[in-house]
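Protein chains in written order, with the working numbering: chain A, 8 to 538; chain B, 4 to 193; chain C, 593 to 783.
In case anyone wonders, no lab produced these hints; they're calculated from the structure. No false leads were slipped in.
With a cut-off of at most 27 Å between alpha-carbon atoms, the simulated DSS-like pairs for lysine-lysine come out as follows: (1) A/K467 with B/K46; (2) B/K89 with C/K626; (3) C/K693 with B/K46; (4) A/K503 with A/K519; (5) B/K142 with A/K484; (6) A/K467 with B/K109; (7) B/K109 with A/K454.
Read off the chains here:
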Amino acid sequence: MNQMNVINTTHSIHGGLHLDEKKAPACNVAIQEGEIPDVVVLPLNMHAGRDAVAIVEVGENLYRGQIIAEAEGQISANIHSPVNGKVVAIEPRPMSSRSGLPEMAIVIQTTDTEIVRETPCDWIEALTESPEVIAQSIEAAGIVGLGGAGFPTASKIAASANARKLLINGAECEPYICCDDRTMRDYAEQVIGGAFLLAKAAACDFIEVATEDNKPEAIDAIKDVLNTLPEHMQRRIQLYVCPTKYPMGGERQLLEAITGQQVPSNTYPVELGYLVHNIGTALAVYNCMTRSEPLLSRMVTLTGEAIRRPGVYHLLLGTTVKDAIAMAGVDETILAQVIHGGPMMGYPLQNLDAPVTKITNCLIAATADEIPPLPEEQPCIRCGQCVDVCPATLLPQQLYWFARSEEFEKAASFKIHDCIECGLCSYVCPSHIPLVDYYRYAKSEIKQLDQARIKSERSKVKFDARNDRLEQERLEKERIKAEKAKQRAANKAANKDKNDAVAAALARVKAKKAQTQQSNDADNTSEDSKP
Amino acid sequence: MFEQLIQLLISLIAIVAVASAFGALLGWTAIRFKLNGDPIVEKIDEILPQTQCGQCGHPGCRPYAEAIAKGEEINKCPPGGEAGIKALAELLGREVIPLNAELEEKETETVVIIREPDCIGCTKCIQACPVDAIVGTAKMMHTVILDDCTGCDLCIPPCPVDCIDVVPLETAAKDWQVPKPSDMIPVRMV
Amino acid sequence: MADYLLLFVATVLVNNFVLVKFLGLCPFLGVSTKVDAAVGMSFATTFVLTLASALSYLINEWLLVPLDLQFLQTLSFILIIAVVVQFTEMVMHKTAPVLHKVLGIFLPLITTNCAVLGVALLNINESHNFIESVIFGFAAAVGFSLVLVLFAGMRERIDVADVPVAFKGASIGLITAGLMSLAFMGFTGLI
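From just these sequences and the hints, can you work out the full model?
The structure is reproduced here in C-alpha cells:
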C-alpha cells in the first residue's frame, strides 16, 4: 500500500467563469438522513428515455424495494417503492420539471415510519461477480445518472463498449450544490467501491476520479481510501484535481481539462475512450451490489436563505418538495421561490407538491433578495462577452439572432445542439438577455419541425400508396370487364350455330303464323260474302 | 449617294445575318433543353403539410402544388398555417400574405376517434380517408390509426351514424413547446 | 503575363465595377437578400459576362471593323448579350430550376445590366486584344461576384438586427453599400 499521488490537471478549458461558490453553510454539515414522508409521489418518468410502465394497481400493498414500474424499450429505467406502503392512486400529478405539467405518477401512502437497511457486504467480495451480473443488477435496480441528466446507467454502459477508461465526475461546479462534495467526504470508501464495480461492469481498465480544488477535504478523504487499497488496485485508479471554474463539472469540459482534447461535436465521450459517471451514481451502484438495494433515495442539497438547517440530506425518491424543505426547517414567511437545481441551470418550481426525483440534486429555498428577478431585456450591444465565456466554443450571439428571427436551420448549422445550457452567456450578458431561454426555444422548435416533417412524409407515402391501390383496383376492374366482354363475344360466336337454328325456327313459326292468318282472313271474307 | 445605299445594305445584311445565326442557336437550345414537367412542383410539395384535406380546393396536396407552380395563391392551406405561407413565399420569391379569409386555421392539431359502440361497419369512412388511416372492412369494427391520422376531417361527412369524434391532440409533457422569450424591445423612432 | 495579372487585379479591386464604377447596381441590390441567391447570380453573371465580352470582341473585330460598321456596335452588342442571357436562362431552367425560380426576373435583367454592356464597350475604348477582352470580362464578373456575395452576407445579418424602423430594408442596405464603396476606395494606388 503506497502513498497515492494526486495529479493536478494542466489543460485549461475554453470559456468558463469563476463564480461565487455559496456552498457554505450547506457543505460544512455532514450528510443527514431525511425523514420518511407520509406520502411518496413517483412519476413514471424520472429519467431520459421512455416512460416506465406501472405494474402495480391502486390498493396494492408494497414493501420497500419492490419494483412498481418496468422499463420499456431500449432507453428506460425501472422504478421501485422506497417505502413500505399502499398505492393510493396512479394519476397525473404536478411535476418538478421546467414546464410543471402534470405527468402520470404512482402515489404511495407510507405505512411504516421506520426503515431498516441491510448491512452492506464487503465491496471487494461483490467485485468477484461477473461483469454481466453487475450490469444486469444495475439495470434491475433502475440506476440512472444522478448528476442531473438521468440517463439509464445500464444503457450508457452498453453503448460505451469501446470505452477503456471510467471517469468518476466529482467536479461539482455549480454554486450552492454540494451533494457530491459531502458524499466524497462522508462515504469515500463506498464511492470508490462503486467505481470499481462500475469499471468491472463496463470492462474499463482504468479509473480516473476527478474533482475541483475547492474541495480539499473531499480530496483528502478520497486519498485516504486510495492509500488503503492493495497495490494491484492502486495501479488502476488515479485522482485528478482540476482548477475551480464553472462549468468544470460538465463531462465534456472535465474531459478537456484532463486530456486536453475536446469531445467532437455531435458525439459522446466514448469517442475519446471514456465512460463518465457521477459520484452519486457510483454510490448507488455500491448500494445495489453490496446491499441488493435498488435506487430508492439520493443526496439532495437543501439550501437557501429561507432554510434554517441547510445541508445535504439523504432523501427518499418521491418526497414532495414541500416535505423536503420542511425537513430542513424552511421559514415560509421569507420564502419567495424554490429553485430546482442550481442558480445557473435550475428553474423555479410552480408547485411545491411536486416530488424529488432521480434528477433532483438541489433545492434552493430562496428569499426575494437572494435571487432577484431578472431586469428587463435590452437590445444586444454585440459586445461578444457571451462568446468569451461559452465553454462549448459556440457563437452565442449568432445563435441569439437566429433563434430570435426563427432561422432554425441556420441555428442548427451553427451547432446549437452542442449547447450544454450552462447559463454563462445569460449570466454575463450586460443587456440581461435570457440567451439560454432563446436556445431552449430554438431547440424545441427544431425538434417540433423535425417531427412534423417526418409525419408529413409518412402521410405523403400513405397517400401515394392509396392512390396506387385505387389505380390498381380500377385497372383490375377494367381488366375483368374487358375479359367478361371478350367472354360474352366468344360465347356468342360459339352459340352462333345454335342461334342460327333458333333464328330459323323462329322464322318458320312466323311464316306459319302469317299463313294461318292469311287463310283465316280468306275464310272470313268468304263467310261474309255468303248470303 | 450610291455608296451610302451600299453601306446601308451591307449593315442591314450584317445585322440580319448575325441575328439569324443567334436565333438559330437559341432555337436549338430551346429544343435541346426542353423541360418536361416542372421540378419546382417537387419543392413546393415538400413544404405542404401532406394533410390531403382538400380545403385548398384541390384533391390533395400535389395538385395544389402544381397549381401554385402555375401561379395560384399560396395562402390557401390552413394546416400549413402561417409558417407554411412564409416558407412558400421564401421559396418562390413571392410576398407573404395572410391566410385566405374564408379558411379557418384550427387552434390545435386534431385527430379523429371512432365511437366503437356506434359503428355499423359501412366502410364509408375508409373510402373517404385520403391516407388510409382507418382500418376495417364491411360489417367489421372500424378503427382509426392515430399515428397516421392527419386531422383532415374528410371522414366525418360520409359517416351515416355520426360516430366519429374530433379530438384535440394533446402534447405530452415531453413535447412541451418552450415559449419564446419576449423580444419586444422598444425601439424609438429618432 | 504580368500585364494580364495586373489587368485582373485592377479590374477586380481597384476599378471594381459595382463599388467604384457604380455599374450593375440593380442586381446588386435586388439579389443580395440571400447568400444562396447571390452565389447563383454570381455564377450566372460570370458566365454571361465572359462569354459576351469574348463574342462582342469577335463580332467587332471580324464583322463591324472590316465592313466599317462601327456605328452598329451598341446594337450588335446588345443583341449578343440578349442571346447569351436567353441561352443561360434556358439552361438554368432545366438544370437548376429552384435557382431559376429564386432569381426570377433578375436573370433576364442581366441583359440590361450596364456592367455587361459597359465591359463590351470599354473593351473597344481601351483597345484590348482578344485575351485582354476575355480577362477583362472575367475579372469584371469576379469583382461583381465578390462584392455581391459580401453584401448579401452583410444584408442577411442586418435583416435580423435591431435596425430602426425608418431604416429597415433598402435604406440600411444602400448606406451599407456606400460604406463598402468607401472601403474599396482604399484600394486606389494598389497598383
